[in-house]
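Asks: Line order of the protein sequences matches chains A and B. Everything in the first sequence is counted per our numbering, starting at 21 for the first residue and increasing by one. Everything in the second sequence is counted per our numbering, starting at -5 for the first residue and increasing by one.
Among the clues, some could well be false.
[Claimed, not checked] With a straight-line Cα cutoff of 20 Å, these simulated SDA-like cross-link-like pairs (lysine to any residue) come out:
no., chain 1, residue 1, chain 2, residue 2
1, B, K279, B, G299
2, A, K276, B, T44
3, B, K9, B, T44
4, B, K132, B, N87
5, A, K280, B, E276
6, A, K23, B, N71
7, B, K6, B, V213
8, A, K47, B, T44
Just so you know, the hints here were simulated from the structure itself, not pulled from any lab data.
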Amino acid sequence: MNKLAGTLLFLSRSTSIWSRNIRVWGKLAGPSLMGNFADPLMYLIVLGYGLGRFVGEVEGMTYMAFLASGVICTSAVNSASFEGMYSAYTRMEVQQTWLGMLATPIGVAEVVFGEILWAATKSVISVGAILIVAALLGLVENIGALMILPVAFLTGLCFSSLALLVTSSAKSYDFFLYYTTLFITPMVLLSGVFFPIDTLPSLVQWVAKVLPLYHAISLVRPLMTGGEITSIFMHVFILIAFGSVAAFIATYKIKKRLIK
Amino acid sequence: MNVISPPSPIVKSVKLSKLYNNHQVVNALNLSIDAGCFCGILGPNGAGKTTTLRMLVGHCPMDEGELSVLGLAMPENASLVRESVGIVPQMDNLDPDFTVKENLFVYGRFYGMGSEELKIRTKELLEFASLEEKADCKISELSGGMKRRLTLARALINKPKILILDEPTTGLDPQARQAIWQKLRELKKQGLTLILTTHYMEEAERLCDRVIVMDQGEVMADSPPKELIRDEIESHVLEVHAASEELVARLKQDKSLARYEKSGDIHFFYGEKLNEALDRLEQGKHDDFLFRPANLEDVFIKLTGRDLRE
Chain A
21 MNKLAGTLLF
31 LSRSTSIWSR
41 NIRVWGKLAG
51 PSLMGNFADP
61 LMYLIVLGYG
71 LGRFVGEVEG
81 MTYMAFLASG
91 VICTSAVNSA
101 SFEGMYSAYT
111 RMEVQQTWLG
121 MLATPIGVAE
131 VVFGEILWAA
141 TKSVISVGAI
151 LIVAALLGLV
161 ENIGALMILP
171 VAFLTGLCFS
181 SLALLVTSSA
191 KSYDFFLYYT
201 TLFITPMVLL
211 SGVFFPIDTL
221 PSLVQWVAKV
231 LPLYHAISLV
241 RPLMTGGEIT
251 SIFMHVFILI
261 AFGSVAAFIA
271 TYKIKKRLIK
Chain B
-5 MNVISPPSPI
5 VKSVKLSKLY
15 NNHQVVNALN
25 LSIDAGCFCG
35 ILGPNGAGKT
45 TTLRMLVGHC
55 PMDEGELSVL
65 GLAMPENASL
75 VRESVGIVPQ
85 MDNLDPDFTV
95 KENLFVYGRF
105 YGMGSEELKI
115 RTKELLEFAS
125 LEEKADCKIS
135 ELSGGMKRRL
145 TLARALINKP
155 KILILDEPTT
165 GLDPQARQAI
175 WQKLRELKKQ
185 GLTLILTTHY
195 MEEAERLCDR
205 VIVMDQGEVM
215 ADSPPKELIR
225 DEIESHVLEV
235 HAASEELVAR
245 LKQDKSLARY
255 EKSGDIHFFY
265 GEKLNEALDR
275 LEQGKHDDFL
285 FRPANLEDVF
295 IKLTGRDLRE
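If we strip away everything but chain A, and leave its shape as in the complex, we get:
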């Protein structure tokens, strides 16, 4: 089998995992959308109005416009992380859905990649929904904001890979609290979701700039407000780098866990 045929087979098998998941999602879309979409929207509107009055303008835009980009990225992070942890763990351990898949010609890498693709798709779905509301609220500058969707997908790829890496070592659902409390929450607080990070001490700024969320926001904010994106390749590179390293290790560890 040549390389191209091999890649196509890999992709088509991963897509069959993806389509299995989207089929399940179709049955439960209502409550699922609520969580991914209503929750961040409340933050946006309540904090935007409430805090916005005190804050005034931030970086030359209204506080709500500033916050919208942050909330959109956080929603991409949360959707992908939840899917890569709680849902993936359920399929790996509780329901043994993955073992069922592995009884077919599908291999571990294809399962993991299919799950990553799906979790990133969920990021796009929730970001898309928020984006529509943000547009209705007048927070979107121009049609270029549609480019936020691929950024949401990329952010979803990155954070679902990280989440699957956590899942590969999880012994129970409780384990995920370490990751959300010790990594996701501080990252969301420090990456420029709620305020520009240049108010932070330089060491903290430096930490924030190493983490992927800052780079997602750096891409989304100018797209929302019609500003100019700087260092686009670096931002994209960091998201891809985190995602691919995590996906690679996660695949290795999940293989060790299931094929033993």
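With chain A held as given, fit chain B onto it using these hints.
Replies: Quick look at chain B alone, frame taken from chain A:
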């Protein structure tokens, strides 16, 4: 006249070994299974049955030895082999989010099967599994037996050449078990090679052409079940329950007694006729006894001992 050459083994292993934490779970296993055979693997818990099955489909890396399935070397060709193998796992892993029909459909997708092909195949399999009326039910609405039949149907979606079943009837009621047996016999008639593990001797005795008894990762016996019973054990067993030592001592004097064992308060006398012992029992007052032909369970116990395996 057509000369049909004997089928080359569909599964062949040479000195296949697996270690877990320095414990030899499968120990230099030499195995050769011909196409069309219904092969049962028996053994106490931890004998290495499930590990062996897992190695056959590349779900468990091998530590030593060689293994080929369908003439393909393992584990390199695991994915290719699984295209022609169906697996019924010990624990049901049906998709609880889907209906019965969707379970088959989505599973077929994992093999890359197309919608049209799957529509036909799903219909056939629902009929085979007697689940036509449950096609649109959720998995949680099915009984244990129905779930197992659906798992069996799902394992057949790709028209496999080999079907691997890990304790397919554990936990089922007698009716449900017989229904599964009937389906398995039908598959055997269609020419499938079936490899099954079970703890039910009766199941192996009724279904299998060949029984492999494993213990501690090694093959203890390997024959058709009737031959095992004929060759490995005395023809009859006399079980005497809660007998006094004096009675046991007298029964042991039977000249046709070949072997005696005690387990708890049950005394087992193995032999050909055991006429003298039976006469004594019939003359005496002790009536809590059973005289019966030896069966596969007796062979199993003889080969693997009476110790509990936990």
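Asks: Does V213 of chain B lie within 20 Å of K6 of chain B when you go C-alpha to C-alpha?
Replies: Holds, at roughly 14 Å.
Asks: Check the hint pairing K47 of chain A with T44 of chain B against an upper bound of 20 Å on the C-alpha distance.
Replies: 35 Å, violated
Asks: Take a quick look at whether K280 of chain A and E276 of chain B sit within 20 Å of each other, Cα to Cα.
Replies: 57 Å, violated
Asks: Need the status of pair K132 of chain B, N87 of chain B: alpha-carbon distance at most 20 Å?
Replies: The given pair, whose Cα atoms are some 14 Å apart, holds under the 20 Å limit.
Asks: Could you grab the alpha-carbon distance between K279 of chain B and G299 of chain B and see if it respects the 20 Å cut-off?
Replies: With Cα atoms ~31 Å apart, K279 of chain B and G299 of chain B exceed 20 Å; violated.
Asks: Assess, step by step, whether the Cα of K9 of chain B is no farther than 20 Å from the Cα of T44 of chain B, and give holds or violated.
Replies: 17 Å, holds
Asks: Can you confirm whether the C-alpha distance between K276 of chain A and T44 of chain B stays at or below 20 Å?
Replies: 18 Å, holds
Asks: Verify the proposed pairing of K23 of chain A with N71 of chain B, using a straight-line Cα cut of 20 Å.
Replies: With Cα atoms ~17 Å apart, K23 of chain A and N71 of chain B stay inside 20 Å; holds.
This entry does not satisfy hints 1, 5, 8, going by the numbered hints stated previously.
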